[in-house]
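Peer 1: Those protein sequence lines, which keep their order, are chains A and B.
Going by this note's numbering, the first sequence wraps up at 542, each residue one higher than the last.
Going by this note's numbering, the second sequence wraps up at 542, each residue one higher than the last.
Just so you know, nobody snuck in bad clues.
Only some residues are given here: those of chain B computed to face chain A with a beta carbon under 10 Å: (1) P9; (2) H23; (3) F364; (4) R369; (5) W394; (6) G426.
So, partial list: chain A residues that the calculated Cβ filter (under 8 Å) puts toward chain B: (7) W8; (8) H18; (9) S198; (10) S201; (11) A208; (12) M211; (13) T220; (14) A243; (15) F364; (16) V396; (17) S398; (18) K401.
To be clear, the hints were calculated from the coordinates, so they are not data collected in a lab.
Glycine is no exception: its CB is placed at the ideal position from the N, C-alpha and C atoms.
There are 2 protein chains.
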Amino acid sequence: MFGTMQDWPLLVWRLIDHAAAWHPRREIVSLTCEGDEHRSDWLTVRDRARQVAAALRGLGIQPGERLATLAWNSYRHIECWYGISGMGAVAHTINPRLFEDQIVYIANHAEDRVLFLDLTFLPLVERLAPRLQTVETYVLLTDRAHMPAASGLDLLCYEEMIAGQPVDQPWADLPETAPAGLCYTSGTTGNPKGVQYSHRSNVLHAMAACMTDTFGLSATSVVMPIVPMYHANAWSVPYTAAAAGAKLVMAGPHFDPPTLQRLIIQEKVDLALAVPTIWLGMLQHLETAGGGLGALTRTAIGGSAVPRSMIEQFDRLYGVRVVQLWGMTEMSPLGTTGAATPETRAMGYSEELNYRVKQGRGMFGVEMRIVDDAGALLPHDGERFGRLMVRGPWVVGSYFKGDGGDILDGEGWFDTGDVATIDRLGFMQLVDRSKDVIKSGGEWISSIALENAAVGAPGVAEAAVIGVPHPRWGERPLLLVRARDGATVTRKAVLDFLDGKVARWWLPDDVLVVDTLPHTATGKLLKTELRERYRDHVLPTP
Amino acid sequence: MFGTMQDWPLLVWRLIDHAAAWHPRREIVSLTCEGDEHRSDWLTVRDRARQVAAALRGLGIQPGERLATLAWNSYRHIECWYGISGMGAVAHTINPRLFEDQIVYIANHAEDRVLFLDLTFLPLVERLAPRLQTVETYVLLTDRAHMPAASGLDLLCYEEMIAGQPVDQPWADLPETAPAGLCYTSGTTGNPKGVQYSHRSNVLHAMAACMTDTFGLSATSVVMPIVPMYHANAWSVPYTAAAAGAKLVMAGPHFDPPTLQRLIIQEKVDLALAVPTIWLGMLQHLETAGGGLGALTRTAIGGSAVPRSMIEQFDRLYGVRVVQLWGMTEMSPLGTTGAATPETRAMGYSEELNYRVKQGRGMFGVEMRIVDDAGALLPHDGERFGRLMVRGPWVVGSYFKGDGGDILDGEGWFDTGDVATIDRLGFMQLVDRSKDVIKSGGEWISSIALENAAVGAPGVAEAAVIGVPHPRWGERPLLLVRARDGATVTRKAVLDFLDGKVARWWLPDDVLVVDTLPHTATGKLLKTELRERYRDHVLPTP
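Construct the entire structure; sequences and hints are all you get.
Peer 2: This is the structure in structure tokens:
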């Protein structure tokens, strides 16, 4: 016996037990899909989560089994998360925006035994149920009064299921590497792959996300995750808010700017988290409707790059500081933070913005590097770009059921599939996806940089750049543009516009004006289809 | 293969590797005992720590062995910490303020093979060396120019030892439960006992300490640990500053207010950490010298209770927010934070102060409860007090070499030896040490509360309260007072003063005026000796 520290496994239920013990009456406010504004608190939600756990044990659920949710952000969804993982099972969040075939695929692949669903999704689930091979129990997240008069499904009523269940049964005693959650990537190629989070990875990720340069949460924070719980764990807010004892505000099924604005002002939200699309809508709404954003002082934005103009508008019009975050489902999801450093803080506003539009530096717990195709390390000069590799305790080690085989390299690095630069101040900036980058004569061309430049051309509504085979250079860029309604766009006009805006050798070899461009279920350009369609395209010889 | 997250052990060297990767040029400023003001940065200190590790491997040091430091806060001490634990050995910080016999005892008990020492401590070490049974190598933390012309010891020069050592050898690959540090308690009874920190406990503790309601460290922070690294890990600042990428400022051997003030202002320190005694001196100095505290906005204070007047002075005169922390060597050391909650923030200033003088609520990772002598849970009413029990991943599980035997109860709780209340807002307040509390007729009387009241009596310089045996009540309080120079204090005057200030049944049964009171090496009242001295004292019958 040589002296030890205590054995205290990092388990997800410790987060909500902490909140219930030290912040029992801190509020959890939810707009529900039944239409009410529901007020609860950490102690009540913890006790109800214990009732969920007890009910699941009563249904014969075993540790390690997957139970799915199809639900908006709300107190009941949080109770399910903690209740499921707290009794040792795995909370599988299904993204309702996926194609129906994908939803069926992942529910069957995960072998979900129970499906918790919000009223909103009842028609969808009734339609899909005949194809869900493993779901035995459907639980409607509502009370008796809102249960449908008739349904093709044998539905359990959530409130009835948990009513009378004990609140004092202990949580599951598990090793911290036990699985706690499951989320599938919305891959653009092949079937979605599952990332199974462990108790340990979720707790460590939450502790890191609480730090000042990420969420900076305290017991006096009022935090609103607009990002949905079915989208990469709502960036861990249901966990971080519990760890910090913060007040939690959720808009349920509502994503419209007036409702979000009203809730932010009414509940004195000081940190709200959402993807850029949500904020674009909000800023447009505020411009005409006015009324401001109440006590909001910070917003954390991720999911796609934050436009410079958005950061400026938040600063100048609303006094709201934007912190850009980057991550992915495979990273729980957080990897970087764009928070200020002494170096960026000392810059003039315009120069500082050059850094704030970047995705930022690694959080403690995330190792990050960029390498070329041969695996050689690239310099942090902000110019050279390479494959972005990550390593850390909340980074995926293998996909669920081993899909995709070995996904780490010999040194344990996971290839994010992104191409990025890192500058001398340590700020990482995404340049492209590695499958989309155009490899021309041993050098890489960013399809995204070309697209961003091309959408500035007069009359262009949308642009896509793909690489097409080239006998001498290997690949050369082909630009596809869709014109705005009524506008006329020509190859020559676009090329003339680009000339001088990108490196000469980046200029597309051809420009095609098309009527439509294909997209994935979640709105991303479907470049696989474009590459297939244009792989025999003959580039004009100059 | 069911899908995993990465295996990434929580190792202390990851903290400084993180700082070196993303905050390489963030400064580390040290006043040294050689008299210079030294400027370094995280990358340089990391590389030199790697050289320390290489040099130690060259000396034949094996993982798990203990190497001691007797040093002030400085970049070299930090290099030693990371270098020692980074090669798998255990960094044992020795408190130079202990009695010499205690220093000899703990160095022998720890079986320290190497002793790193600052110049300041050379006379001490030369005196003790003949009694140090296991130390093979003495390393003086200085360069050739400052090496003594002659010494009874065979001294290595630190700068020469690391010069030319490689900086690119990998750190030790260890399980996260491997030991990283060792610190002995300055127990008032028996021999000091060692607390051996693991890599895991140090990293988790640092992550929690970084959170907003504890240190709230960011990359833009400038943090100055005045609390020494030999005192409970300098409250983890050498770890937390690395995790956050903060600038680190250290005053080395200097604890005088003018030097601390100058450094705080010059380096734009925004968070400084120290025990109340240091700040008492600083506030007195500022009152006459003026000049303020520069960019300081927050101070974290622990080690003993923070006087209400100190919080008020910092607020009103300097705009510095005091956050009270509580912990102990056995807790790495942090356990609670007195940071604001929405409830305290909504109070008037005076009412809020009633909470800010308390030690605060548990951090995430620290479970805490109060129980009576029978182990029954006591209510959180702010009135009832009981034994304070803690549990968590950075709480000791057993002392080094098993000293003291099983120290956890059947449910894994560690008895802090403190007696405390917890109020309905979750704020814990220390009432007494459990060995000092007076147990009178089944009820507990706080010796500290009586002492605090008694020192308010006219002419009283110091007060000590102990329990003495009583045939009917078990124990009753005896108050010992030392008078101020020239003052006359009487039993009756003190009892009259106390009447109405404490509960009637708390009133001491006797008051003795004494010439001196005994203290420990670190200045605490030595109540064991007083109890021994007065155990046959016959209390007057009323």
